[in-house]
Amino acid sequence: MPYRESLHQLIAALEKHSSVIAYKEAQQHLLQRTDYNQKAYQMKRHQQDTYLFRQIAKDKAAEESAFKAQQLREDLDHQPLIDDYRDKMQNASDLVRYITGTIEDELNKEFNDGKD
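For the sequence shown, the numbering used here gives the first residue as -6, with consecutive numbering after it.
Careful, some of the hints might be misleading.
Said to hold, decoys possible - Here are the simulated lysine-lysine pairs, DSS-like style, with alpha carbons at most 30 Å apart:
no. : residue 1 : residue 2
1   : Lys37     : Lys53
2   : Lys81     : Lys9
3   : Lys81     : Lys61
4   : Lys17     : Lys32
5   : Lys37     : Lys51
6   : Lys32     : Lys53
The set of hints was computed from the structure by calculation and includes no laboratory data.
With the sequences and hints as input, model every part of the structure.
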(Lines of atoms letter the chains of each structure in order from A and count residues from 1; the text may use other names and numbers.)
(Lines give C-alpha, C1' and ligand atoms only; values in the text may rest on other atoms or scores of the structure.)
Protein backbone atom coordinates (compact mmCIF):
# COMPACT_ATOMS: atom_id res chain seq x y z
CA MET A 1 0.00 0.00 0.00
CA PRO A 2 1.52 3.35 -0.97
CA TYR A 3 2.62 5.65 1.82
CA ARG A 4 0.15 8.45 1.06
CA GLU A 5 -2.81 6.08 0.97
CA SER A 6 -1.77 4.55 4.29
CA LEU A 7 -1.34 7.99 5.78
CA HIS A 8 -4.81 9.09 4.66
CA GLN A 9 -6.32 5.92 6.11
CA LEU A 10 -4.54 6.51 9.42
CA ILE A 11 -5.73 10.12 9.56
CA ALA A 12 -9.30 9.06 8.75
CA ALA A 13 -9.21 6.44 11.49
CA LEU A 14 -7.81 8.93 14.00
CA GLU A 15 -10.49 11.48 13.17
CA LYS A 16 -13.15 8.87 14.00
CA HIS A 17 -11.58 7.88 17.33
CA SER A 18 -13.63 8.90 20.38
CA SER A 19 -10.74 10.71 22.09
CA VAL A 20 -10.06 12.84 19.00
CA ILE A 21 -13.76 13.61 18.55
CA ALA A 22 -14.04 14.59 22.23
CA TYR A 23 -10.95 16.81 21.90
CA LYS A 24 -12.34 18.58 18.82
CA GLU A 25 -15.67 19.17 20.57
CA ALA A 26 -13.94 20.58 23.66
CA GLN A 27 -11.79 22.77 21.43
CA GLN A 28 -14.87 24.16 19.68
CA HIS A 29 -16.53 24.93 23.02
CA LEU A 30 -13.41 26.72 24.15
CA LEU A 31 -13.05 28.69 20.91
CA GLN A 32 -16.61 29.93 21.30
CA ARG A 33 -15.66 31.56 24.59
CA THR A 34 -14.08 34.80 23.41
CA ASP A 35 -13.43 35.88 27.00
CA TYR A 36 -10.99 32.98 27.44
CA ASN A 37 -9.33 33.72 24.12
CA GLN A 38 -8.93 37.36 25.08
CA LYS A 39 -7.39 36.47 28.44
CA ALA A 40 -5.01 34.01 26.78
CA TYR A 41 -3.99 36.69 24.29
CA GLN A 42 -3.43 39.23 27.06
CA MET A 43 -1.41 36.71 29.05
CA LYS A 44 0.85 36.04 26.05
CA ARG A 45 1.30 39.77 25.45
CA HIS A 46 2.32 40.30 29.08
CA GLN A 47 4.76 37.40 28.83
CA GLN A 48 6.29 38.93 25.70
CA ASP A 49 6.43 42.35 27.36
CA THR A 50 8.17 40.82 30.36
CA TYR A 51 10.85 39.38 28.10
CA LEU A 52 11.31 42.66 26.25
CA PHE A 53 11.47 44.73 29.44
CA ARG A 54 14.12 42.40 30.82
CA GLN A 55 16.15 42.77 27.63
CA ILE A 56 16.23 46.55 27.99
CA ALA A 57 16.81 46.46 31.76
CA LYS A 58 13.39 47.78 32.77
CA ASP A 59 13.11 45.57 35.84
CA LYS A 60 10.09 47.25 37.44
CA ALA A 61 8.06 47.11 34.22
CA ALA A 62 9.14 43.48 33.72
CA GLU A 63 7.96 42.57 37.23
CA GLU A 64 4.58 44.25 36.70
CA SER A 65 4.08 42.58 33.36
CA ALA A 66 5.09 39.18 34.76
CA PHE A 67 2.66 39.65 37.66
CA LYS A 68 -0.21 40.48 35.29
CA ALA A 69 0.61 37.46 33.12
CA GLN A 70 0.67 35.21 36.18
CA GLN A 71 -2.70 36.52 37.39
CA LEU A 72 -4.26 35.80 34.00
CA ARG A 73 -2.67 32.35 33.93
CA GLU A 74 -4.03 31.50 37.37
CA ASP A 75 -7.48 32.69 36.34
CA LEU A 76 -7.39 30.57 33.20
CA ASP A 77 -5.93 27.55 34.99
CA HIS A 78 -8.95 27.24 37.27
CA GLN A 79 -11.70 27.14 34.65
CA PRO A 80 -13.64 23.86 34.25
CA LEU A 81 -13.94 24.33 30.49
CA ILE A 82 -10.18 24.72 30.14
CA ASP A 83 -9.52 21.74 32.42
CA ASP A 84 -11.87 19.64 30.29
CA TYR A 85 -10.12 20.80 27.10
CA ARG A 86 -6.68 19.96 28.50
CA ASP A 87 -7.81 16.50 29.65
CA LYS A 88 -9.27 15.68 26.25
CA MET A 89 -6.25 17.11 24.45
CA GLN A 90 -4.02 14.90 26.60
CA ASN A 91 -6.09 11.82 25.77
CA ALA A 92 -5.88 12.54 22.03
CA SER A 93 -2.16 13.26 22.35
CA ASP A 94 -1.62 9.97 24.18
CA LEU A 95 -3.37 8.13 21.35
CA VAL A 96 -1.19 9.77 18.70
CA ARG A 97 1.95 9.13 20.76
CA TYR A 98 0.98 5.46 21.16
CA ILE A 99 0.37 5.04 17.43
CA THR A 100 3.59 6.77 16.40
CA GLY A 101 5.52 4.73 18.96
CA THR A 102 4.02 1.52 17.62
CA ILE A 103 4.87 2.50 14.05
CA GLU A 104 8.42 3.37 15.09
CA ASP A 105 8.82 0.04 16.90
CA GLU A 106 7.57 -1.91 13.88
CA LEU A 107 9.86 -0.01 11.51
CA ASN A 108 12.83 -0.63 13.78
CA LYS A 109 12.01 -4.36 13.86
CA GLU A 110 11.83 -4.46 10.07
CA PHE A 111 15.14 -2.63 9.72
CA ASN A 112 16.82 -4.86 12.29
CA ASP A 113 15.43 -8.04 10.72
CA GLY A 114 16.84 -6.95 7.38
CA LYS A 115 20.34 -6.64 8.86
CA ASP A 116 20.56 -10.27 10.00
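Pair hint Lys37 and Lys51, alpha-carbon separation not exceeding 30 Å: 18 Å, holds
Restraint check for Lys17 with Lys32, where alpha carbons must lie at most 30 Å apart: Holds, because 21 Å separates the two Cα atoms, which is no more than 30 Å.
Straight-line alpha-carbon gap Lys37 to Lys53, limit 30 Å: Cα-Cα ~18 Å, so holds.
Proposed proximity, Lys53 with Lys32 (alpha carbon, max 30 Å): 22 Å, holds
Proposed proximity, Lys61 with Lys81 (alpha carbon, max 30 Å): 28 Å, holds
Hint consistency between Lys81 and Lys9 [alpha-carbon to alpha-carbon, up to 30 Å]: Between Lys81 and Lys9 the Cα gap is close to 15 Å, so the pair holds against 30 Å.
The structure shown violates none of the earlier numbered hints.
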